[in-house]
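**Q** Given next are the chains, with one letter for each unit.
2 protein chains.
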Amino acid sequence: MKVTLAQINPQPGNLDANCRMITEIIKSSAAAGSDLVVFPELSVTGYPPLDLLTYSRFIDDTAAAVQKIALECTGTAAIIGAPSPNTKKRGKPLLNSAILMQNGRIDTIFNKALLPTYDVFDEYRYFEPSSSFQTAIVNGMKIAVTICEDMWDDQPFLHGKEHRSIYAISPMEEIKKLEPELIINISASPFAHNRIETRETVFCTKAKKYQIPVVMVNQTGANSDLIFDGGSLIIDRAGEIVARLPLFRESVTTYDLKKTITTGAKIPPLPGKMELIYDALTLGISDYIKKTGQKRVVIGLSGGIDSAVVAALAAQAIGSENVTGILMPSRYSSAHSVTDAEELASNLGIQRITIGIELPVAGFEKILEPVFTGTRPDVTEENIQARIRALILMAYANKFSAIVLNTSNKSEAATGYGTLYGDMAGALSVLGDLYKTEVYELAAYINRERTLIPQSSITKAPSAELKPDQHDTDSLPPYDTLDKILFRYVDLQQDRETIISAGFDEETVKRVIRLIDLSEYKRFQAPPALRVSAKAFGNGRRIPLVSAHRI
Amino acid sequence: MKVTLAQINPQPGNLDANCRMITEIIKSSAAAGSDLVVFPELSVTGYPPLDLLTYSRFIDDTAAAVQKIALECTGTAAIIGAPSPNTKKRGKPLLNSAILMQNGRIDTIFNKALLPTYDVFDEYRYFEPSSSFQTAIVNGMKIAVTICEDMWDDQPFLHGKEHRSIYAISPMEEIKKLEPELIINISASPFAHNRIETRETVFCTKAKKYQIPVVMVNQTGANSDLIFDGGSLIIDRAGEIVARLPLFRESVTTYDLKKTITTGAKIPPLPGKMELIYDALTLGISDYIKKTGQKRVVIGLSGGIDSAVVAALAAQAIGSENVTGILMPSRYSSAHSVTDAEELASNLGIQRITIGIELPVAGFEKILEPVFTGTRPDVTEENIQARIRALILMAYANKFSAIVLNTSNKSEAATGYGTLYGDMAGALSVLGDLYKTEVYELAAYINRERTLIPQSSITKAPSAELKPDQHDTDSLPPYDTLDKILFRYVDLQQDRETIISAGFDEETVKRVIRLIDLSEYKRFQAPPALRVSAKAFGNGRRIPLVSAHRI
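Protein sequences appear in the order of chains A and B.
Be aware that the first sequence starts at 1, since it is given in our numbering, and climbs by one per residue.
Be aware that the second sequence starts at 1, since it is given in our numbering, and climbs by one per residue.
No wet-lab data here; the hints were simulated from the structure.
Fair warning: there could be bad hints in the mix.
Pairs involving identical chains hold if they fit within one copy or between any two copies, as the list cannot separate such chains.
[Stated by the list, open to error] List time: in silico DSS-like cross-link candidates among lysine-lysine, alpha-carbon distance up to 25 Å:
#1 89 / 177
#2 273 / 2
#3 399 / 522
#4 209 / 258
#5 467 / 366
#6 522 / 209
#7 142 / 399
#8 467 / 258
#9 467 / 399
#10 295 / 522
#11 460 / 510
#12 259 / 27
#13 89 / 209
Between the sequences and the hints, there should be enough to build the whole structure, so can you do that?
**A** Here's what the structure looks like:
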């Protein structure tokens with residue numbers, strides 16, 4: 001049997017384009033002699049479709065698109081992902097389905113049993129879980145189809161000190177009784193730098209445990225915060241990967257299944273963490289620009305490492321000709337800030353504009369003077385500068401039809417070390433899921449062949465340059481220490497005592513946790529941040545704004 | 001049996017304070033001869049606790065708080081709401097429980113079967129649904145305890161043209177087999193102006209259908225966007241309400257159950273829509289201020305109706321001495337804008353400051369001139385003014401420890417008729433769930449006894465005053481028409497064709513829907529908005545930012 005893995009990049013809600021793409025791939029694969037073409041989870045709607053699924057018009061249009069694809073599905077079988085109606089009288093109205101079509105019609109509908117509803121996932125919001133399992137015959141072969149999370153039933157879910165499965169049933173335990181010869185899994189499994197290996201382990205373990213080969217097809221592309229890495233797989237019954245599609249790009253590849261499985265193959269090792277993150281972030285930027293119908297970005301260049309890394313990623317993602325960097329020096333800007341930013345722009349070949357902020361600063365000082373009489377300078381004056389810069393970036397973006405890329409990192413987002421409507425502004429946060437120490441690693445990766453980011457931007461002490469001789473360490477612990485505490489509290493959800501007992505200074509830990517908890521209101525209004533870790537700020541982490549609890 | 005309905009206002013995450021409050025109420029009720037004290041759903045943690053439930057430390061602390069309350073629970077029984085561990089080996093680690101305690105220990109744990117996971121609710125994110133039901137004996141009476149949504153199983157859920165129950169089981173159908181004499185329901189049922197009546201109908205219908213009296217205790221207070229109206233009930237077996245606790249405030253009231261049920265009572269009708277909304281919004285403001293540890297607010301006063309209504313609500317909510325209004329006239333401000341705002345401030349007795357924005361406007365014009373050479377004035381220049389005003393408000397808030405109240409309404413939020421980081425800024429959106437036409441109704445309600453909001457603010461044509469002779473109708477259809485289209489698309493989730501076929505102009509409908517769809521990215525960064533309708537923007541409505549679909 002010839003199986004085509006169609007690792008595509010559908011756009012949420014773009015039924016026409018997704019349907020056209022799927023139909024074309026089915027036709028060309030049929031022409032090339034494929035017996036089965038496999039598309040990702042919810043490939044007709046794109047993943048995640050979110051509340052579009054609550055619009056009956058969208059559901060009707062999706063059903064029509066599925067029927068249209070089925071009619072065109074001749075010469076090969078195909079499995080596409082789409083919502084389908086729950087025919088039972090009670091329960092959520094939709095099922096998350098894998099639809100097998102052959103001979104110009106829908107053959108079998110497989111429904112998802114395990115609905116991830118944690119972190120960034122909300123599937124039970126839309127779908128009824130299925131509890132029935134079946135097989136189908138394609139080209140004489142008995143296959144069973146699972147959908148993404150269906151294979152993750154025994155993935156331990158950390159709850160305190162206890163590891164437990166959060167699902168009451170195991171789809172594969174049911175499916176094995178049906179004795180299929182092949183398991184197909186259609187996925188929309190979002191990227192996190194340490195999740196690809198986990199995912200491969202989960203799938204290989206299942207193949208080996210049940211002694212059945214597995215074909216897994218994952219979505220690629222980025223949909224605002226979520227990046228899908230692709231990396232579709234064929235795994236033999238011994239649990240060895242025998243084929244892996246490329247990461248972070250579309251690929252439609254046909255395999256002779258028997259030959260691929262029996263021959264085996266030397267699969268290259270996965271790229272390192274920074275290569276993965278670099279590829280993920282450039283895809284995240286370019287897909288956001290493309291899918292929102294934009295073309296150009298503008299970035300505030302401070303001379304520091306964060307904005308330099310964002311500019312380098314943007315230049316790679318959408319071409320340096322579409323990137324504008326704006327330098328906005330003030331009385332507190334050091335000379336090297338300006339020269340570092342200039343050198344960066346020149347290294348990257350991006351447009352560079354300099355707009356000093358002193359005139360509006362003076363304007364605000366003057367009009368606020370009567371109101372501020374008798375007060376001392378504090379964070380207010382620093383925020384004014386940051387907000388003036390955001391205003392300039394937004395004005396440029398408005399005037400020249402660009403979007404502002406935000407340059408805040410995860411350490412800043414965590415501690416609230418940033419100004420709302422100031423440096424926290426932007427349409428998309430590129431580094432919002434990277435701690436400062438990871439930004440340094442990424443800068444080193446970007447500079448691996450030649451110096452794009454000036455060495456001085458990397459080596460100098462980080463500073464917001466909003467008052468004389470300011471350094472980040474005036475307000476925060478050194479990033480080496482800070483990031484370790486942040487990772488434990490935010491990513492691992494450890495509590496105060498656990499972190500302190502791991503050897504961190506008690507006062508520092510308490511102070512850092514207090515900063516995190518007190519800045520929920522800022523993060524609430526932050527732009528979407530490209531997710532590269534297993535626990536990003538945003539939709540995957542929901543803390544009450546009026547909470548009094550300090551964990 | 002004497003039953004105390006403890007309609008309290010717990011703070012999410014504030015275990016110490018919630019535990020103390022619950023214990024004190026149990027003690028005082030016991031002293032007053034109560035046999036059973038009933039608290040709302042998740043009263044120990046406050047509702048909604050969101051991802052605090054994923055921190056093991058928080059779960060441990062909650063369990064300890066529950067034990068502590070149980071130890072003190074003597075002289076009366078009590079039912080409190082708290083998460084409890086799922087003792088099964090698989091499935092989500094927690095259950096959403098009603099814990100009956102008496103004689104200083106936990107007597108029976110009732111678990112929620114129906115977990116709302118739609119609109120603003122995400123309960124399946126945290127809890128395993130229960131499918132077992134039981135009764136307990138309190139003071140010789142056989143009671144069954146349900147939790148909020150458990151009573152809503154047959155509430156029709158609109159999906160397209162089909163009304164269906166989204167739940168596979170009916171808890172009351174199971175419970176009736178156990179023949180309880182009384183149903184207790186503990187709720188955390190958030191306010192929407194048209195939901196109180198629905199809620200009462202749901203509960204009365206159940207009481208009548210199963211011929212069992214019902215005691216429902218609901219949370220009150222506001223937790224950022226969600227407002228809880230209280231309105232706890234006693235319903236007799238005929239489905240008649242015989243007692244209702246007050247709306248929008250805490251109340252701990254003891255009833256002789258038999259006497260209350262047999263005597264019946266004349267329950268006053270529910271207040272009208274605008275009275276409900278007025279009370280809800282003032283509670284929303286005051287609780288946000290209180291629970292975030294703030295004291296003062298600042299509001300940009302434009303002379304228009306929106307900011308006037310917000311100022312009036314804030315003055316009522318936290319006292320006029322804690323409200324500052326800032327007038328920020330520009331070259332485009334009409335004379336009446338200034339006089340109307342001055343009159344408003346004087347009517348309300350709030351502090352008034354005037355800060356002209358011309359100096360920073362000139363500063364930005366000057367520094368942007370070299371970059372903008374050859375371009376025409378457009379929305380950029382309008383946005384600059386709006387952002388300068390936000391900067392001034394934030395500077396005042398930073399300097400004087402206040403928070404900015406946002407004054408955008410739902411019509412503006414829907415159409416994107418507002419400037420991100422400009423008039424869309426603020427810690428809390430007060431009117432973000434009220435269409436412009438509803439803001440007029442609310443203004444009339446506020447002025448019902450004496451003129452607080454100047455007539456001129458109400459009668460003049462709405463204008464952003466960001467360029468000469470600007471009116472909202474230059475960019476938008478008249479609000480009378482616009483709001484009807486918005487309500488159908490946003491609240492009722494009708495599609496284009498349905499709205500057009502209801503008699504609206506096709507081009508207008510298409511244009512309005514396009515505006516809504518294109519401004520998702522703005523709303524993504526909007527502040528939390530006090531929810532007063534059944535479909536507010538924010539967490540209850542999740543549309544992909546990169547969606548291409550036009551419903």
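**Q** Give a verdict on every hint.
**A** Cross-check of the supplied hints:
1. 89 / 177: between (28 Å within a copy, 23 Å between copies)
2. 273 / 2: Neither: 34 Å inside a chain and 64 Å across chains, both beyond 25 Å.
3. 399 / 522: between (27 Å within a copy, 17 Å between copies)
4. 209 / 258: within (20 Å within a copy, 62 Å between copies)
5. 467 / 366: both (18 Å within a copy, 24 Å between copies)
6. 522 / 209: neither (47 Å within a copy, 48 Å between copies)
7. 142 / 399: neither (59 Å within a copy, 71 Å between copies)
8. 467 / 258: Answer is neither: 67 Å inside a copy and 71 Å across each miss the 25 Å cutoff.
9. 467 / 399: Classified as between: cross-chain Cα gap 16 Å, same-chain 30 Å, threshold 25 Å.
10. 295 / 522: between (28 Å within a copy, 18 Å between copies)
11. 460 / 510: neither (28 Å within a copy, 53 Å between copies)
12. 259 / 27: within (23 Å within a copy, 76 Å between copies)
13. 89 / 209: For residue 89 and residue 209, the Cα distance is within 25 Å only across copies (21 Å; inside one copy 37 Å).
In the structure shown, a violation is registered for the earlier hints numbered 2, 6, 7, 8, 11, in ascending order.
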